[in-house]
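Participant: Residues per chain, in single letters:
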Amino acid sequence: MAALVTVVLPGDEIPRSSLPTPTGKKKTLTLGPGLRHIPPDTITTTIAGALTTDNKKNAIWVDTNSGRYIPAVGDLVIATIQNSVFESFNCLLTPNTPFASLPQLAFEGATRKTRPVLAPHSLVYARVVSNGQHTSPEITCVDPSTGKSEGLGPLKSGMIFNVSLGMARRLLLKSKGEVIVLELIGAKVGFEITVGRNGIVHVDGANVKTILAVGRAIQEVDEQALGEKGQKKLAERVLKSL
Amino acid sequence: MHPTTQLSPLHRADGSATYTSNGYTIIGAVNGPIEVQRRDELPTEATLEVNVRPAVGVGSPRERHLETLLHGALRSVVLTESLPRSLVQITLQVSGMPSEEGDCGVSSSLSILPHLLHTALLALLSASIPLSTILTAALVVIPSSSSTPLVSPTANQLLRAKPIRSAHVFAFSGDGSLLMNESDGVFSLQEWDEAVEATEEVCCKEEGGVGLSEGMEVDGREGGSLDTWLREVVRGKVNWEMRWKTAR
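Chains as they are written, first to last, in my numbering: chain A, 4 to 245; chain B, 13 to 260.
Hints in this document: simulated from the structure, not taken from any laboratory.
Predicted, not measured: the structure shown is a model, and the values here were computed from it.
Among the clues, some could well be false.
[Said to hold, decoys possible] Simulated pairs of lysine-lysine, DSS-like, Cα-Cα distance not exceeding 27 angstroms:
#, chain 1, residue 1, chain 2, residue 2
1, B, LYS174, A, LYS179
2, B, LYS257, A, LYS235
3, A, LYS179, A, LYS30
4, A, LYS179, A, LYS232
5, A, LYS243, A, LYS212
6, A, LYS232, B, LYS257
7, A, LYS177, A, LYS243
8, A, LYS59, B, LYS257
9, A, LYS60, A, LYS28
10, B, LYS257, A, LYS236
11, B, LYS257, A, LYS177
12, A, LYS60, B, LYS257
13, A, LYS151, A, LYS116
14, A, LYS232, A, LYS212
15, A, LYS191, A, LYS151
16, A, LYS179, A, LYS236
[What the hints assert, rightly or not] FRET-style restraints, in silico, Cβ to Cβ:
#, chain 1, residue 1, chain 2, residue 2, range
17, B, ASN193, A, GLU195, 53 to 61 angstroms
18, B, ASN168, A, ASN86, 53 to 61 angstroms
19, B, SER107, A, LYS177, 22 to 30 angstroms
20, A, GLU90, B, SER195, 55 to 63 angstroms
21, B, ASN193, A, PRO18, 28 to 36 angstroms
22, A, LEU245, B, GLY35, 17 to 25 angstroms
23, B, LEU201, A, THR24, 50 to 58 angstroms
24, B, PRO73, A, SER178, 53 to 61 angstroms
25, A, PRO18, B, GLN18, 27 to 35 angstroms
26, A, GLY35, B, LYS257, 12 to 20 angstroms
27, B, PRO73, A, ASP57, 50 to 58 angstroms
28, A, ILE41, B, GLN18, 26 to 34 angstroms
29, A, ILE41, B, ARG87, 14 to 22 angstroms
The beta-carbon is built from N, C-alpha and C at its ideal position, and this holds for glycine as well.
Same shape as in the complex, but just chain A (with noise of 0.2 angstroms):
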């Protein structure tokens, strides 16, 4: 990144030269995170952080890596399952927060004569299809339009490790998060990550030890911020201890 980052601070009006220029078919301007259309043409942030432009999409948005998470539909998150009620389960996204509610139907598979038994505390991975402003908000673990779970479902061993959100979308920006630490650990060995947008990793692998020092790992590089070079040292020192 060598661009100049634009800093903004809530309340800063986006000029019209800040906006994108569309180079794709979409026409009509996204607006991401951070920023708030102030009929009829006012776009003003926010909250602080860097202003960041995609031509392509069309969007703009404020970058950010701190706060609470805020779930947004579409978005794929571990849950703990607290307790269950009815013909739903009731879920945790993040602490302190009004739960989310699962269906228990909402499993592939699922029907009213063989549901899931989750006991309290067991993880799923799932996404989020309403983020409710004004309701709970409503996770599920099938791809409505299929049936299918596409990797969705319960989480069963394995342990999670809490990261910074900014880490946890950069590990599912695949290589576009330049987290190279795990292709370095992955090529020698096994282990097997699922990552959730509300800042939790969840690894699993052949033995404890692998699967602390990975999650370990994926905690460095988001503290110390490692670089290539940096990841490159932490992998060897990981491969090393194992």
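Start from chain A and add chain B according to the hints.
Facilitator: Showing chain B alone in chain A's frame:
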């Protein structure tokens, strides 16, 4: 001198800030949006809860008074409508006060108010709570001996300027409109006007070069207004968050 500050020092809170200025040290923490108790729930907007904890002892009516003042000012800054039925909890712990604080002749709830406001704002920024604008505040005192107002004086300056005729706290929004005013003492309307003008120069961003050079000459303040200072703080935060992009 501009305040020194650090964003997000507490890793358990959603947002936090430490703030040191003129001998006052305050730690602020913000949690939100979180679940609100049923009796505090507002159907269309977020509930704001402000807690002020004193440096020594337990809270007293003075802290309750400060909380009320802060609540009123911050309610107009936080975009409460965008987070309906939730709670934004702001806790401000005073951890250090100047030793001359007790006998400098200004009501202690006035002298600490701008610092509490700044800490609360920084913690809110750190927590990424949607805000409609930013806020800057300063204390102005008018001593009996002269009519020139003293803007954001240190406790030592206050002690030397005694007796003090009136003290004011003004808070400005990002676009330079007056958000809050608390005044104490005897003053004329003209003096009040002068006090507002003097504070505006310190708080708001400069229109053109004149304000900047004046501010630097009069008070030896580096880097101009509080608005510029706030922008620098946020630039530091953004650079810190983006450092993985440039790291090797």
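Participant: Indicate, hint by hint, whether the structure satisfies it.
Facilitator: So, going through the hints one by one against the coordinates:
Proximity of LYS174 of chain B to LYS179 of chain A is assessed by CA-CA distance (about 62 angstroms); at most 27 angstroms being required, the pair is judged violated. The hinted pair formed by LYS257 of chain B and LYS235 of chain A meets the criterion: a straight-line CA distance of about 16 angstroms does not exceed 27 angstroms. For the hint pairing LYS179 of chain A with LYS30 of chain A, the CA-to-CA distance comes to about 25 angstroms; that is within 27 angstroms, so the pair holds. Of the pairs offered as hints, the one joining LYS179 of chain A and LYS232 of chain A holds, with about 16 angstroms between alpha carbons and a cut-off of 27 angstroms not exceeded.
At most 27 angstroms may separate the alpha-carbon atoms for a hinted pair to count; LYS243 of chain A and LYS212 of chain A meet this at roughly 12 angstroms. Distance hint between LYS232 of chain A and LYS257 of chain B is fulfilled; the C-alpha atoms sit about 13 angstroms from each other, no more than 27 angstroms. Among the hinted pairs, LYS177 of chain A with LYS243 of chain A is consistent with the structure: their alpha-carbon atoms are about 25 angstroms apart, no more than 27 angstroms. For the given pair, LYS59 of chain A sits about 21 angstroms from LYS257 of chain B by alpha-carbon distance, which is consistent with the 27 angstroms threshold.
Restraint check for LYS60 of chain A and LYS28 of chain A: the C-alpha separation of about 9 angstroms stays at or below 27 angstroms, so the hint holds. Taking the CA atoms of LYS257 of chain B and LYS236 of chain A, the gap is near 17 angstroms; set against the 27 angstroms cutoff, the hint holds. Restraint check: the Cα-Cα separation between LYS257 of chain B and LYS177 of chain A comes to about 15 angstroms, which is no more than 27 angstroms; the hinted pair holds. Distance hint between LYS60 of chain A and LYS257 of chain B is fulfilled; the C-alpha atoms sit about 21 angstroms from each other, no more than 27 angstroms.
Among the hinted pairs, LYS151 of chain A with LYS116 of chain A is consistent with the structure: their alpha-carbon atoms are about 18 angstroms apart, no more than 27 angstroms. In summary, the hint linking LYS232 of chain A to LYS212 of chain A is supported, as the alpha carbons are separated by about 24 angstroms, within the 27 angstroms threshold. Of the supplied pair hints, the one linking LYS191 of chain A and LYS151 of chain A is violated, its CA atoms being roughly 32 angstroms apart against a limit of 27 angstroms. Taken as a hint, the LYS179 of chain A and LYS236 of chain A pair is honoured in the structure, with Cα atoms around 20 angstroms apart against an allowance of 27 angstroms.
Evaluation of the 53 to 61 angstroms hint for ASN193 of chain B and GLU195 of chain A yields a pass: the beta carbon distance comes to about 59 angstroms. Between ASN168 of chain B and ASN86 of chain A the CB atoms are about 59 angstroms apart, so this pair conforms to the stated range of 53 to 61 angstroms. For SER107 of chain B and LYS177 of chain A, the Cβ-Cβ distance of about 44 angstroms falls outside the hinted range of 22 to 30 angstroms, so the restraint is violated. A hinted range of 55 to 63 angstroms for the beta carbons of GLU90 of chain A and SER195 of chain B is consistent with their spacing of about 60 angstroms.
Remark: the range hint 28 to 36 angstroms for ASN193 of chain B to PRO18 of chain A is upheld by a beta-carbon distance near 32 angstroms. Remark: the range hint 17 to 25 angstroms for LEU245 of chain A to GLY35 of chain B is contradicted by a beta-carbon distance near 52 angstroms. At roughly 52 angstroms, the beta carbons of LEU201 of chain B and THR24 of chain A sit within the given window of 50 to 58 angstroms. Hint check: PRO73 of chain B to SER178 of chain A, Cβ distance near 59 angstroms, so the stated range 53 to 61 angstroms holds.
Between PRO18 of chain A and GLN18 of chain B the C-beta distance comes to about 31 angstroms, which sits within the given range of 27 to 35 angstroms. For the hinted restraint 12 to 20 angstroms between GLY35 of chain A and LYS257 of chain B, the CB-CB distance of approximately 18 angstroms keeps it satisfied. Here the CB-CB span from PRO73 of chain B to ASP57 of chain A is close to 53 angstroms, well matched to the stated 50 to 58 angstroms. For the pair ILE41 of chain A and GLN18 of chain B, the supplied restraint of 26 to 34 angstroms holds, since their beta-carbon distance comes to about 33 angstroms.
Against the hinted window of 14 to 22 angstroms, the Cβ-Cβ separation of ILE41 of chain A and ARG87 of chain B comes to about 19 angstroms, which satisfies the hint.
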